[in-house]
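2 protein chains.
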Amino acid sequence: MSATRVQLLSPRTLPLLSSGRVALFLQGGGGPHRGGVGPRFRSLTSPPLSCSSSSPGRALSSLSTTRRGLPKEKMSENGMMSRAKVLTIDTMNPTVKKVEYAVRGPIVQRAVELERELSEGMKKPFAEVIKANIGDAHAMGQQPITFFRQVLALCSYPELLSDSTFPEDAKSRACRILNSCGGNSMGAYSASQGIESVRQDVARYIERRDGGVPCDPDNIYLTTGASDGIVTMLKLLVCGEGAMRAGVMISIPQYPLYSAALAELSAVQINYYLNEEKCWSLDISELQRALDEARLYCNPRALCIINPGNPTGQVQSRECIEDVIRFAAKERLFLMADEVYQDNVYAEGCQFHSFKKVLFEMGPEYSETVELASFHSTSKCYMGECGFRGGYMEIINMDDDVKAQLTKLLSVRLCPPVPGQALMDLVVNPPQPGEPSYEHFIKERTTTLSALAEKAKLTEQVLNTVEGIRCNPVQGAMYSFPCITIPERAIQEAKELGQQPDMFYCMKMLEETGICLVPGSGFGQKEGTYHFRMTILPPTDKLKILLNNVKAFHQSFTQQYS
Amino acid sequence: MSATRVQLLSPRTLPLLSSGRVALFLQGGGGPHRGGVGPRFRSLTSPPLSCSSSSPGRALSSLSTTRRGLPKEKMSENGMMSRAKVLTIDTMNPTVKKVEYAVRGPIVQRAVELERELSEGMKKPFAEVIKANIGDAHAMGQQPITFFRQVLALCSYPELLSDSTFPEDAKSRACRILNSCGGNSMGAYSASQGIESVRQDVARYIERRDGGVPCDPDNIYLTTGASDGIVTMLKLLVCGEGAMRAGVMISIPQYPLYSAALAELSAVQINYYLNEEKCWSLDISELQRALDEARLYCNPRALCIINPGNPTGQVQSRECIEDVIRFAAKERLFLMADEVYQDNVYAEGCQFHSFKKVLFEMGPEYSETVELASFHSTSKCYMGECGFRGGYMEIINMDDDVKAQLTKLLSVRLCPPVPGQALMDLVVNPPQPGEPSYEHFIKERTTTLSALAEKAKLTEQVLNTVEGIRCNPVQGAMYSFPCITIPERAIQEAKELGQQPDMFYCMKMLEETGICLVPGSGFGQKEGTYHFRMTILPPTDKLKILLNNVKAFHQSFTQQYS
Numbered sequence: 201m202s203a204t205r206v207q208l209l210s211p212r213t214l215p216l217l218s219s220g221r222v223a224l225f226l227q228g229g230g231g232p233h234r235g236g237v238g239p240r241f242r243s244l245t246s247p248p249l250s251c252s253s254s255s256p257g258r259a260l261s262s263l264s265t266t267r268r269g270l271p272k273e274k275m276s277e278n279g280m281m282s283r284a285k286v287l288t289i290d291t292m293n294p295t296v297k298k299v300e301y302a303v304r305g306p307i308v309q310r311a312v313e314l315e316r317e318l319s320e321g322m323k324k325p326f327a328e329v330i331k332a333n334i335g336d337a338h339a340m341g342q343q344p345i346t347f348f349r350q351v352l353a354l355c356s357y358p359e360l361l362s363d364s365t366f367p368e369d370a371k372s373r374a375c376r377i378l379n380s381c382g383g384n385s386m387g388a389y390s391a392s393q394g395i396e397s398v399r400q401d402v403a404r405y406i407e408r409r410d411g412g413v414p415c416d417p418d419n420i421y422l423t424t425g426a427s428d429g430i431v432t433m434l435k436l437l438v439c440g441e442g443a444m445r446a447g448v449m450i451s452i453p454q455y456p457l458y459s460a461a462l463a464e465l466s467a468v469q470i471n472y473y474l475n476e477e478k479c480w481s482l483d484i485s486e487l488q489r490a491l492d493e494a495r496l497y498c499n500p501r502a503l504c505i506i507n508p509g510n511p512t513g514q515v516q517s518r519e520c521i522e523d524v525i526r527f528a529a530k531e532r533l534f535l536m537a538d539e540v541y542q543d544n545v546y547a548e549g550c551q552f553h554s555f556k557k558v559l560f561e562m563g564p565e566y567s568e569t570v571e572l573a574s575f576h577s578t579s580k581c582y583m584g585e586c587g588f589r590g591g592y593m594e595i596i597n598m599d600d601d602v603k604a605q606l607t608k609l610l611s612v613r614l615c616p617p618v619p620g621q622a623l624m625d626l627v628v629n630p631p632q633p634g635e636p637s638y639e640h641f642i643k644e645r646t647t648t649l650s651a652l653a654e655k656a657k658l659t660e661q662v663l664n665t666v667e668g669i670r671c672n673p674v675q676g677a678m679y680s681f682p683c684i685t686i687p688e689r690a691i692q693e694a695k696e697l698g699q700q701p702d703m704f705y706c707m708k709m710l711e712e713t714g715i716c717l718v719p720g721s722g723f724g725q726k727e728g729t730y731h732f733r734m735t736i737l738p739p740t741d742k743l744k745i746l747l748n749n750v751k752a753f754h755q756s757f758t759q760q761y762s
Numbered sequence: 201m202s203a204t205r206v207q208l209l210s211p212r213t214l215p216l217l218s219s220g221r222v223a224l225f226l227q228g229g230g231g232p233h234r235g236g237v238g239p240r241f242r243s244l245t246s247p248p249l250s251c252s253s254s255s256p257g258r259a260l261s262s263l264s265t266t267r268r269g270l271p272k273e274k275m276s277e278n279g280m281m282s283r284a285k286v287l288t289i290d291t292m293n294p295t296v297k298k299v300e301y302a303v304r305g306p307i308v309q310r311a312v313e314l315e316r317e318l319s320e321g322m323k324k325p326f327a328e329v330i331k332a333n334i335g336d337a338h339a340m341g342q343q344p345i346t347f348f349r350q351v352l353a354l355c356s357y358p359e360l361l362s363d364s365t366f367p368e369d370a371k372s373r374a375c376r377i378l379n380s381c382g383g384n385s386m387g388a389y390s391a392s393q394g395i396e397s398v399r400q401d402v403a404r405y406i407e408r409r410d411g412g413v414p415c416d417p418d419n420i421y422l423t424t425g426a427s428d429g430i431v432t433m434l435k436l437l438v439c440g441e442g443a444m445r446a447g448v449m450i451s452i453p454q455y456p457l458y459s460a461a462l463a464e465l466s467a468v469q470i471n472y473y474l475n476e477e478k479c480w481s482l483d484i485s486e487l488q489r490a491l492d493e494a495r496l497y498c499n500p501r502a503l504c505i506i507n508p509g510n511p512t513g514q515v516q517s518r519e520c521i522e523d524v525i526r527f528a529a530k531e532r533l534f535l536m537a538d539e540v541y542q543d544n545v546y547a548e549g550c551q552f553h554s555f556k557k558v559l560f561e562m563g564p565e566y567s568e569t570v571e572l573a574s575f576h577s578t579s580k581c582y583m584g585e586c587g588f589r590g591g592y593m594e595i596i597n598m599d600d601d602v603k604a605q606l607t608k609l610l611s612v613r614l615c616p617p618v619p620g621q622a623l624m625d626l627v628v629n630p631p632q633p634g635e636p637s638y639e640h641f642i643k644e645r646t647t648t649l650s651a652l653a654e655k656a657k658l659t660e661q662v663l664n665t666v667e668g669i670r671c672n673p674v675q676g677a678m679y680s681f682p683c684i685t686i687p688e689r690a691i692q693e694a695k696e697l698g699q700q701p702d703m704f705y706c707m708k709m710l711e712e713t714g715i716c717l718v719p720g721s722g723f724g725q726k727e728g729t730y731h732f733r734m735t736i737l738p739p740t741d742k743l744k745i746l747l748n749n750v751k752a753f754h755q756s757f758t759q760q761y762s
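Protein sequence lines, in the order shown, are assigned to chains A and B.
Numbering of the first sequence is given in the working numbering, commencing with residue 201 and proceeding in unit increments.
Numbering of the second sequence is given in the working numbering, commencing with residue 201 and proceeding in unit increments.
Hints were generated in silico from the structure; no laboratory data involved.
Please read these numbers as outputs of a predicted model, since none were measured by experiment.
Any copy, or any two copies together, can satisfy a pair, since identical chains are not distinguished.
Heads up, simulated EDC-like pairs for lysine to aspartate or glutamate below, C-alpha to C-alpha not over 20 Å straight-line:
hint, residue 1, residue 2
1, Lys557, Asp523
2, Lys435, Glu300
3, Lys435, Asp290
4, Lys643, Glu359
5, Lys298, Glu441
6, Lys371, Glu359
Isolated chain A, as found in the complex:
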């Protein structure tokens, strides 16, 4: 690929308008755009618009996509027949258009853009773009756990099993995994539910975690990251039309996977608001309000909880979880517990309680009836192995017929990625006391978790020194979600641009400081309040600079618009 053939600007890097449609710049370039990406929309190798017959790589008919209501066929400028496209924004699946996912939305696309501009030598008021938008630990410099990667290398290339530099416990884990793979290879498909020995290890992990509450490996499904499990469960739950359309309760603020999946499934999103004044706690009265209102126009089926919270960083108390379980039982809701941050608890007095454990401690009235799916992942906690897309879900009290349907549905996609399954196995079955890798493993894990705890504290402290920023304690997970005061004039200017005020704020911050955050509107927030989500993942030194830059930006922004 010669340098000139690389498209510098692609449709993917164009900002989405609020309607979900992409700005189009070909017809005179008069459309709304931000960050100056418009004029360079076409590929560097694109032929002039009037010349087409000699350019096999370009579609003349791309012209036609900028207007609506075209005839089926039309004459192009050089007299050639040009067909209207089969698949256009008007003829595509309308539910896909409704999907939004702010964590990788327009602001991130602009960040990628800015990185490219910097690498081309363009002058900016900052030396690098810092992506604090996503919980991507390794990208922020966190090191992988040595033991995990040793086992993965052994599984990838089993010839290394005879290499004496690898510790014996890594070798025995690798052998156990390989022995469970068809042909002793990670290249074989696994069972659709996941490798049986991995599911057994997951079950034992859950039993240890939950103080002996039994776990059946047959209730464990390995998944392609937690997202895959969550979407699959929502897919099973969705049914009905009109007033009987399925509704799913999600917290606001929420992780936008939920809203995106519900939009795609044409299910009703039932919002319940977390209480920012009480450190993003969950009030049962608010659940009740949201549910009662929703029953007027849909059929509420499930209640989703993220604990520790994303984007809000709270850790639910045991009492709160009990209340939620009682509520779900009383109101006949399927419980979905997103527990991917279960090791990320920092605040004193806070502790992770799994929904499973609490459910079983509440006695058979609940443990034998309440339907629960709980999700975990290799992507967060101390390992942060997002790229491997490993995860599992445990299902409790699921109807056997439905379970068979679930397994059938998963079989269509054959199996979750086997390296991700292997990694999940290591997470639930790490080195044990007495094994050669134990001490180094504990050291690495402790270092990472301690650093995260320190950064959680630091983030809260620095942000709360800024007038106009109010940040709850980051009790757990990987994010702060502070409330920001945006001056009325800035709100007006944003509205004139058709932007959410916090999107306007974050976009300005990105352009001026290189810091990439996600506006609170991407997660949902009480009307009239504004927030951003920022990860605590950058290395401490960098995080300090970042927080000071956020502070300086907020002050100058406030001054500018006051």
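Got chain A; can you put chain B on it based on the hints?
Using the frame of chain A, we list chain B on its own:
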């Protein structure tokens, strides 16, 4: 996990009835079942049905799931309140229930069952189960390509970069991949569209493959296996309701991913029949017939082709591909070319022609208008790395607005598994002449492909010696799909059991010989004809035995029912 806690028989291993519901055995065990799995339905650790309060791990309310129309709450036998489940077969998403996937259907569940029984020492008329149902090369003993696995090990554990036993070309590939990863780690999320350098390598590969037809990396999307790309494209194309519901043309026989995805999306499956008499060739007149009929009740949007064919093993001629492209242009259909077997071409005179190449050689009238998505994978060809779930799709002439929607949709799932992306990179950028690993790579690749060619021939030859079996040449891919004559009495017996005759045949073969095949009814076939799909993947020696066992079974089956 103590041995007694492992559930020997789970709902997942129960045969599905034709209605898609699982057989239930709790209420007296009188339901239909096969292979004697019924009586052992409950877990070994399950409490007796009348005892529940002391068994926290089991759901009393599972009792209630075996009947329909339960009240919201009911008294159980011991007087405790038992809630009816929220999620039941009656209240779940109805589109999921319509999904079927024969490649991992009831016959495979029974095969897993039989393996377990064998391992427990149960006596069977065979010593092992041979799973010839799925294209899972490594599980059948095919060895991974050394170079690929070396690079994956280096990427997993970069400390190995200083190990002198690894060849330099493997190290340079690993460095290139790691340099494209956030934090130089496969544990970081990639861009949702896939790692940019990998997409560049894919584009160069396509250009080489297609004799210089240009390929833009921005048109490449890395995927979680080809299945993921196919489902995503179908998802974009689906729209409309009633008579305007989207229709998608698929070949019969087909790979059941297509029918499963269409069922889940509530789209109309438009069947066009391949011509078995002409070696499963595709007649345009048949496409026209299928389309004209379908236009009466739906809105045909796309045409799917699998070339080389799955399950039918044919390789399309260049002329045929041209005709298909002309047909798609004329009828305004989005073309989907499933080309995952592009290296699996064995028959003399046959050659793989990509739809992309043919499209571009047909001139701008087609190359600038016909919308095409083409799919490839790491799972097939000479590498057979199914477990890594690597793949890509190339999209041609896609509307820019739709492309932005596609990228947005993919971002919800964050990214395809990075090890699969790395593997895809190696497949499209293998060792080159002059590099240290080149010769060994070529030797491994040639050995695998030659063996497959030999086994393709062998399969056809042996099957055609059997009276009542007629097998087309296996020109490509990995399967034979012979036509079998089933005696009228066997057809009657199958019907009495509510089974498809070829399911009855394959289930009998499994029970008597341990050979696991997929009945033709799982792929679709002309009414009144019967087939099975069998992979050619077992090692040659084993394949010979397998073919002879198939022959012997067919003869005795025919004799028994004549």
